[in-house]
Structure formats: C-alpha cells, structure tokens
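2 protein chains.
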Amino acid sequence: MSHPLKTFHPPVRVLMGPGPSDVSARVLLAQARPTIGHLDPAFQDLMEEVKGGLARLFHAPEHACVPLPGPGTCAMEAGIMNMLEPGDVAVVAVNGVFGGRMADMAERAGAEVVRVEQAWGQPVDPEKVEAALWARGAKVLAFVHAETSTGVMSDPGPLCALAREHGAMTIVDCVTSLGGIPVNAAEWRADVIYAGTQKCLSAPPGLAPFAISPRALEAVLARKTKPRTWLYDLRLLMSYWGEGKGGRAYHHTAPVNAVYGLHEAMVAYFEEGEAAAFARHQKTHEQLASGLAALGLDFHVAREHRLPQLNTVIVPEGIDEAKVRGHLLEHFSLEIGAGLGPLKGKVWRIGLMGGSASERHVMICLAALGDALASQGSNVSVRDALKAASR
Amino acid sequence: MSHPLKTFHPPVRVLMGPGPSDVSARVLLAQARPTIGHLDPAFQDLMEEVKGGLARLFHAPEHACVPLPGPGTCAMEAGIMNMLEPGDVAVVAVNGVFGGRMADMAERAGAEVVRVEQAWGQPVDPEKVEAALWARGAKVLAFVHAETSTGVMSDPGPLCALAREHGAMTIVDCVTSLGGIPVNAAEWRADVIYAGTQKCLSAPPGLAPFAISPRALEAVLARKTKPRTWLYDLRLLMSYWGEGKGGRAYHHTAPVNAVYGLHEAMVAYFEEGEAAAFARHQKTHEQLASGLAALGLDFHVAREHRLPQLNTVIVPEGIDEAKVRGHLLEHFSLEIGAGLGPLKGKVWRIGLMGGSASERHVMICLAALGDALASQGSNVSVRDALKAASR
Numbered sequence: 023m024s025h026p027l028k029t030f031h032p033p034v035r036v037l038m039g040p041g042p043s044d045v046s047a048r049v050l051l052a053q054a055r056p057t058i059g060h061l062d063p064a065f066q067d068l069m070e071e072v073k074g075g076l077a078r079l080f081h082a083p084e085h086a087c088v089p090l091p092g093p094g095t096c097a098m099e100a101g102i103m104n105m106l107e108p109g110d111v112a113v114v115a116v117n118g119v120f121g122g123r124m125a126d127m128a129e130r131a132g133a134e135v136v137r138v139e140q141a142w143g144q145p146v147d148p149e150k151v152e153a154a155l156w157a158r159g160a161k162v163l164a165f166v167h168a169e170t171s172t173g174v175m176s177d178p179g180p181l182c183a184l185a186r187e188h189g190a191m192t193i194v195d196c197v198t199s200l201g202g203i204p205v206n207a208a209e210w211r212a213d214v215i216y217a218g219t220q221k222c223l224s225a226p227p228g229l230a231p232f233a234i235s236p237r238a239l240e241a242v243l244a245r246k247t248k249p250r251t252w253l254y255d256l257r258l259l260m261s262y263w264g265e266g267k268g269g270r271a272y273h274h275t276a277p278v279n280a281v282y283g284l285h286e287a288m289v290a291y292f293e294e295g296e297a298a299a300f301a302r303h304q305k306t307h308e309q310l311a312s313g314l315a316a317l318g319l320d321f322h323v324a325r326e327h328r329l330p331q332l333n334t335v336i337v338p339e340g341i342d343e344a345k346v347r348g349h350l351l352e353h354f355s356l357e358i359g360a361g362l363g364p365l366k367g368k369v370w371r372i373g374l375m376g377g378s379a380s381e382r383h384v385m386i387c388l389a390a391l392g393d394a395l396a397s398q399g400s401n402v403s404v405r406d407a408l409k410a411a412s413r
Numbered sequence: 023m024s025h026p027l028k029t030f031h032p033p034v035r036v037l038m039g040p041g042p043s044d045v046s047a048r049v050l051l052a053q054a055r056p057t058i059g060h061l062d063p064a065f066q067d068l069m070e071e072v073k074g075g076l077a078r079l080f081h082a083p084e085h086a087c088v089p090l091p092g093p094g095t096c097a098m099e100a101g102i103m104n105m106l107e108p109g110d111v112a113v114v115a116v117n118g119v120f121g122g123r124m125a126d127m128a129e130r131a132g133a134e135v136v137r138v139e140q141a142w143g144q145p146v147d148p149e150k151v152e153a154a155l156w157a158r159g160a161k162v163l164a165f166v167h168a169e170t171s172t173g174v175m176s177d178p179g180p181l182c183a184l185a186r187e188h189g190a191m192t193i194v195d196c197v198t199s200l201g202g203i204p205v206n207a208a209e210w211r212a213d214v215i216y217a218g219t220q221k222c223l224s225a226p227p228g229l230a231p232f233a234i235s236p237r238a239l240e241a242v243l244a245r246k247t248k249p250r251t252w253l254y255d256l257r258l259l260m261s262y263w264g265e266g267k268g269g270r271a272y273h274h275t276a277p278v279n280a281v282y283g284l285h286e287a288m289v290a291y292f293e294e295g296e297a298a299a300f301a302r303h304q305k306t307h308e309q310l311a312s313g314l315a316a317l318g319l320d321f322h323v324a325r326e327h328r329l330p331q332l333n334t335v336i337v338p339e340g341i342d343e344a345k346v347r348g349h350l351l352e353h354f355s356l357e358i359g360a361g362l363g364p365l366k367g368k369v370w371r372i373g374l375m376g377g378s379a380s381e382r383h384v385m386i387c388l389a390a391l392g393d394a395l396a397s398q399g400s401n402v403s404v405r406d407a408l409k410a411a412s413r
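Note that the protein sequences, when read in sequence, are chains L and F.
Residue numbers for the first sequence follow my numbering, so the first one is 23 and each next one is one higher.
Residue numbers for the second sequence follow my numbering, so the first one is 23 and each next one is one higher.
Simulated from the structure, these hints should not be mistaken for laboratory data.
All values derive from a computational prediction rather than experimental measurement.
Mixed in with the good hints, there may be bad ones.
Only some residues are given here: those of chain F computed to face chain L with a beta carbon under 10 Å [stated by the list, open to error]:
#1 Lys28
#2 Ala131
#3 Gln220
#4 Thr247
#5 Gly264
Just a sample of chain L residues kept apart from chain F, beta carbon distances all over 12 Å, derived [said to hold, decoys possible]:
#6 Arg48
#7 Ile102
#8 Ala280
#9 Lys305
Taking beta-carbon pairs under 8 Å as the criterion, some of the chain L residues facing chain F (in silico) [what the hints assert, rightly or not]:
#10 Pro26
#11 Leu27
#12 Gly41
#13 Arg250
Where a beta carbon is used, it is the ideal one built from N, C-alpha and C, also for glycine.
With the hints as constraints, model all of the structure from the sequences given.
Spelled out as structure tokens, the structure:
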C-alpha cells in the first residue's frame with residue numbers, strides 16, 4: 023500500500039480490438055483543454071451543440087438526445103430502467119453478450135422477460151420476435167443492432183416495425199454501429215437508441231450518446247413508480263440537460279473534459295462526412311477480408327450479416343489463440359480482441375472502428391497476424407496477404 | 023439541427039464553485055495521453071496503482087478500493103443499491119441535498135427509509151441517529167461527511183460507532199471531503215465510503231473513488247436478490263477490477279483517459295503530502311474568512327462545523343445574489359456557486375478545493391466579491407479585505 027505512485031506513460035498501441043479504437047491527437051488534446059464548470063454558460067452552449075450533433079448522428083431530429091455520463095452500458099441501463107416498471111413484459115432478443123445483458127437488466131427492473139434466443143453469430147430473427155410479441159402483450163422490444171461479441175448485424179427497420187404493430191416500444195443498442203454503418207432512428211422509428219463513444223466515433227470511453235422518442239419520453243414521465251435508478255432517471259437527467267420545462271436543474275456533474283472530447287470527435291466526423299466514413303469502414307473491411315482469406319482464415323459470420331467494423335475470425339485448428347494475441351501485442355504493439363462466452367478461444371475480434379478503420383491498420387494487422395501464425399508453424403505468406411489487401 | 027459544429031475553446035476560468043475545481047496542466051495533459059485498451063496489461067498495472075492510491079487516500083488498507091465509472095453520484099448509487107435489498111431498513115441522515123438524495127435512492131432500492139432530518143446548516147445529530155437506530159433494526163446507516171450544499175462537516179467516527187453498536191453497516195459520503203480534510207475509513211470503521219474526483223483531488227469529473235469493507239462486501243455477495251443495477255453491481259464490478267476470485271472478467275469499458283487523470287492527480291497529491299494539503303485547505307479558508315469579515319460578510323455555518331473547502335456565505339440584505347455571480351463571471355472569469363434548495367438565493371458557495379485552495383484564489387475572490395458588492399452600492403473596502411486576508 024505504501025509503494026509510491028509514479029506518472030504513467032502509456033505504451034503507444036495500435037487499437038484493433040472491440041473498442042476503444044485509436045483516438046486522434048485532436049480529440050485527445052480537446053480533452054486536455056481547461057476544465058470549466060458544468061453550469062458555466064459556455065458549457066451550456068457546448069451541451070446544446072453536442073445535443074444537436076447527436077441528433078444528426080442518430081438521424082433523430084424529433085428525439086431528445088443527450089450524452090449520458092458513464093460507459094456505453096449506462097445508456098442501456100437508462101433505457102431499460104426507465105422504460106420498464108415492475109410487472110411489465112419485455113421481449114429481449116439475445117444473440118450475444120449484449121442482448122443477454124439487456125435481459126438481465128430488464129429482470130432487475132422488475133419486468134417479466136421473454137428471451138428470444140438465437141445462436142451466437144446469427145442475426146435476430148424477426149419471425150421468432152413476432153411470435154414472442156404475439157404470445158405476450160409486451161411493452162418493450164429490446165435488441166442489439168451491432169453485436170460486438172459476435173460481429174453480427176441485425177436489421178432494425180423490420181424489428182421496430184413489428185414492435186409498433188404489436189404496440190410495443192423499442193430499445194435499440196447501437197453501441198458499435200453508430201458512426202460505422204447507417205443508423206437512422208427516424209427511418210426505423212426507434213424509441214430508445216444509444217451508443218458508445220469509443221467505437222466508430224473514436225473518442226475515449228466515458229460517455230454514452232442516448233436518444234429517446236417523444237412518445238417514449240412521455241411514457242417515462244407517466245410512470246406509476248420511480249425508476250430503479252436515481253443517477254439515470256430520465257426525468258431528472260432531461261431537466262439537467264435543459265430538455266424539461268422550467269430550465270436546467272442541477273443533477274450531477276457532467277464529465278466536462280469527456281464532453282470536449284466527444285464534441286471534437288463529432289466535429290471531425292462531420293468534416294469527413296457520414297457517407298465517406300461509412301465507405302471507409304466498408305472498404306477497410308473488404309481489404310481485411312481479402313488479406314485474411316489469403317492467410318487461410320475464415321469469418322465466423324455469414325457474409326451478408328457481417329459488420330464491417332467488427333470482424334470475428336475463426337481461430338484455425340492447432341493454433342493457440344491467446345499466444346497469437348500475445349505475439350501481436352509484444353512485437354507489433356497491436357491489440358485485437360478475444361472471443362467472449364461460447365466464442366471464447368474460438369474467434370478473434372478485429373475492430374476496424376473510427377480512426378482504426380484505415381489501410382495502415384489493415385496492413386499492420388495482416389502482417390502481424392501472418393507473422394504470429396507462421397511463428398506457430400502455419401504455412402502462410404505474409405506478402406501474399408498484404409498483396410491481396412492492397413489490390 | 024444542421025448548424026455546423028466547430029472546435030470548442032473553453033474560456034479560462036477561476037473555479038471556486040462547489041466543483042469542479044481548477045485542474046492543473048499536468049493532470050489535463052495526463053488525460054491527453056494516448057488511449058489504450060482497458061484490458062491492456064499496461065492498463066491493468068495502472069488499475070493496481072490506482073487501487074493502491076485510493077486505499078492510501080481513504081486510509082482503507084483492508085477495503086476493496088476502485089474508481090467507479092461515472093459522476094460522484096454513481097458511487098452513492100453503487101453503495102445504496104448493493105447494500106440494500108427490498109424490505110431492509112435504512113436510517114438516512116438528511117441535512118442537505120445529498121442526504122436527501124441518499125434517502126431517495128434507498129427507496130428506489132426497495133428499502134424502508136427512516137429519515138433523520140436536520141436543519142440545513144447543522145451537522146448530523148448523533149442522538150437523533152441513535153434514537154432512529156433504536157427504534158428500528160436498521161441494516162444500514164447512511165450520512166454525508168461534508169455536505170456540499172451547506173458547507174457543514176459531520177463527525178463520522180461517533181456515527182459509525184453508533185451504527186456498529188446497533189448492528190448496522192455504514193455508507194459515508196466523502197465526495198467533498200476526500201483530499202481536503204482527514205478521511206479515515208479504518209479509524210472510523212466505515213463500511214462503504216466514496217468520493218468524487220473534481221473536488222479536493224482536482225481531477226476532471228467522471229470517476230468516483232469507492233471503497234468497501236470486507237464485511238460489507240461479504241454482505242453484498244450474500245444478497246438474496248440481485249441489486250437493482252447491472253452497471254454498478256459490485257459482484258460484477260469487483261471481478262472486473264480483479265478483486266474477485268478467478269481473475270478479471272469483462273464488465274464495462276473503463277474510462278481510460280479519466281483514469282490517467284485521476285492517477286496523475288494522486289501522484290501530485292502524494293508529492294505534496296496529505297498533511298500539507300490539509301494545512302493548505304485550512305490556511306486558505308482562514309484567509310478567506312478574514313477577508314469576508316472585512317467585507318462584512320457572515321458564514322451560514324457555525325465556526326466549529328465549517329468545511330474549509332466549501333464556504334457558504336450569507337447574501338447580505340439588499341444584494342442581488344445572482345447579479346453578484348454574474349459580475350464575478352463577466353469581469354473576473356470567476357465561478358462561485360449558488361445556494362440549493364432552501365438556501366437558494368440566500369447563500370453563495372465558495373469552494374477552496376484542491377488546486378483552487380491557494381492564496382491567489384482567495385485574493386482574486388475577495389477583490390471580485392468586493393467589487394461586485396460595491397457595484398450594488400455596498401460601502402465596502404476591497405483593499406481592507408485583501409489586507410485582512412494576507413495578514
């Protein structure tokens with residue numbers, strides 16, 4: 023306990039795991055600007071810009087948009103705890119870690135949870151969801167757009183439409199999708215929709231972009247019981263962010279410097295433009311896929327359901343997956359992710375998110391992976407993989 | 023919605039409100055170091071240092087200490103939601119905003135809450151607390167060490183001893199005390215104890231130092247029901263921080279850069295030394311008090327209960343308090359705080375916390391306050407106030 027603390031100098035990494043992704047110097051430096059008070063008029067102006075920026079990112083002009091203080095999961099908790107009261111029925115689609123987490127939270131909110139299970143690596147099946155919505159009068163349908171644990175994309179439009187048909191509201195987890203592939207709350211008619219900062223927006227972790235539709239906010243304001251959270255009680259949070267009647271009310275102290283970082287990440291994002299950012303994520307994914315094929319590696323997910331920004335790659339027979347990750351970190355200072363749950367030891371998760379979605383990242387990753395596989399006796403050609411990627 | 027976002031350049035302020043306090047360049051720059059993965063071995067080493075640093079700050083060698091991801095209030099929520107199950111009885115001392123918040127949270131946890139009310143500006147009364155503990159078999163006693171809303175210090179030692187006598191565990195809010203006045207979890211035998219980063223430690227807001235005693239953690243692990251929070255479920259959090267059996271388990275993505283900042287703030291704090299930091303807070307408080315007296319201003323709190331780091335000053339008759347704060351901000355770029363709840367419009371809250379506890383801050387504040395009062399027709403001498411403070 024008495025050993026002295028010394029200034030920490032982090033190693034310089036290449037971040038290609040499931041998040042955080044590489045943060046640019048301009049965003050890091052934005053976070054280093056002088057802290058001001060969270061009630062400062064200048065900070066309140068910044069809040070308004072951030073809210074406007076989030077509405078653009080989510081394509082949610084009618085939603086109330088705020089960055090919640092905490093990890094991406096805090097937005098999940100805010101959505102679940104505010105939308106559900108004890109005794110409500112929630113249909114939760116579970117096709118990976120994060121769907122399972124939503125179901126667990128919904129139970130803690132006191133709801134009756136109907137889980138619609140799907141194999142890890144498959145998208146959410148609208149037919150199964152519809153059967154569950156038929157069987158029970160659900161108040162909420164919750165599902166994950168981009169499953170970070172499997173690399174699978176589920177299609178939110180049809181799922182949100184089904185929920186509406188059956189009178190349910192929707193909670194859509196876009197933690198890994200926002201910024202990397204199209205997210206459109208208005209088109210989907212999604213009710214609660216949220217994301218993280220450390221994925222395709224490439225800001226440091228610590229805030230969770232969150233949006234809620236007018237009808238869902240109305241439902242929250244009409245609750246019979248208080249939500250089982252004070253910190254993420256939307257009635258209190260929305261008035262802190264100036265979304266209630268009667269001006270801003272003190273609630274918590276916003277993470278001021280993290281808000282600077284998210285704001286600057288959005289400035290950079292809009293400079294590039296959404297279409298260009300999506301194209302860049304798709305292109306680097308295709309480069310990576312070509313290179314991986316040349317290394318004899320396969321994807322865990324069928325082509326049509328793959329997320330460009332989160333690639334789950336099957337660990338070949340006879341390869342020690344942890345040793346590969348160790349090799350990458352030791353010799354290339356490169357981070358990729360391990361598998362979770364039933365995919366533990368079976369896949370790697372390679373992120374091409376935000377600033378990490380570049381040709382440079384693809385080439386470093388293929389060179390490093392090829393070298394690691396060769397060091398375990400695989401007969402692979404690094405040069406062929408790099409050629410395939412850059413073609 | 024379509025107006026462009028532009029890089030934000032915050033004004034340079036002098037922060038003397040109830041937090042955040044002025045953050046040093048070294049801490050700001052620490053936050054700007056490259057983001058690394060939260061599961062990186064280098065980050066896990068940093069986590070260990072941070073845990074050790076928090077144990078030193080709290081004087082809690084036996085407690086499990088972690089920085090929770092979120093505002094100070096997230097630590098309150100973690101404490102309340104984990105320590106209480108539906109039907110448990112909680113005695114909550116309420117002598118300001120934050121005691122009231124604890125009571126509200128305890129109700130949301132499903133507990134029966136016995137409020138021990140005290141006038142705002144008075145410390146918690148051990149006799150009243152004892153009466154409440156007698157009357158009901160309480161599982162938990164919760165109170166605030168340093169009430170940020172009133173500037174009052176309550177004495178935790180006797181309160182924790184009473185709780186033990188009656189078989190209750192304690193939750194002690196040290197958000198505003200940690201780093202500014204003695205906090206000693208071991209001596210008090212406090213069970214759950216937590217703080218904020220943006221007060222006397224002068225790191226940006228965004229993390230909440232948290233400590234829990236072995237017997238309290240055991241009680242959490244033996245709960246019959248799951249806590250009404252997933253994000254702050256200590257069983258999950260402690261294993262993420264390597265405090266459980268069987269190694270670290272993924273839970274959330276820690277706010278990596280905020281952890282850099284808190285760590286560097288602790289490095290700086292231990293360089294100065296705890297005794298020197300306490301003496302500095304006390305000395306600047308006395309300087310401020312002398313200067314305020316020369317301006318004819320009184321404290322809201324009796325001398326023996328005053329927090330040196332949070333000074334509630336009575337707004338004199340005939341003075342427009344909001345106009346004074348506006349004058350300070352406009353002409354001196356100086357932030358002080360307004361009153362909350364029943365003290366709204368009646369007091370100012372002047373913080374002397376962490377980096378803001380310096381003679382420079384005192385002199386600027388007195389000059390600015392004197393000027394603001396004179397601009398509203400008060401017959402005060404700025405020069406006399408400055409002389410009194412520097413004597």
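Now the hints, each set against the structure:
Evaluation of the lysine 28(F) hint against chain L yields a held restraint, the C-beta minimum of about 7 Å falling below 10 Å. For alanine 131(F), the interface hint holds, the least distance from its beta-carbon to any beta-carbon of chain L being 8 Å, beneath 10 Å. The beta carbon of glutamine 220(F) is positioned within 10 Å of a beta carbon in chain L (closest approach about 6 Å), and the interface hint is therefore held. Interface restraint check: threonine 247(F) against chain L, minimum CB-CB distance 9 Å, threshold 10 Å, status holds.
Interface restraint check for glycine 264(F): the shortest CB-CB distance to chain L comes to about 16 Å, outside 10 Å, so the restraint is violated. Not every CB of chain F lies more than 12 Å from the CB of arginine 48(L), the least distance being 8 Å, so the non-interface label is violated. Not every CB of chain F is more than 12 Å from the CB of isoleucine 102(L) (nearest about 8 Å), against its label as outside the interface. With a cut of 12 Å on Cβ distances, alanine 280(L) falls inside the contact zone with chain F, its closest approach being about 5 Å.
For lysine 305(L), the non-interface assignment is confirmed: its Cβ lies about 24 Å from the closest Cβ of chain F, beyond the 12 Å cut-off. Interface hint at proline 26(L): satisfied, since its Cβ lies 7 Å from the closest Cβ of chain F, which is below the 8 Å cut-off. Among the interface hints, the one on leucine 27(L) holds; its C-beta lies about 5 Å from the nearest C-beta in chain F, closer than the 8 Å criterion. For glycine 41(L), the shortest C-beta to C-beta distance to chain F is roughly 6 Å, which falls under 8 Å, so the interface hint holds.
With a least beta-carbon distance of about 4 Å to chain F, the hint placing arginine 250(L) at the interface is held under the 8 Å criterion.
Consistency note: the structure conflicts with the earlier hints numbered 5, 6, 7, 8.
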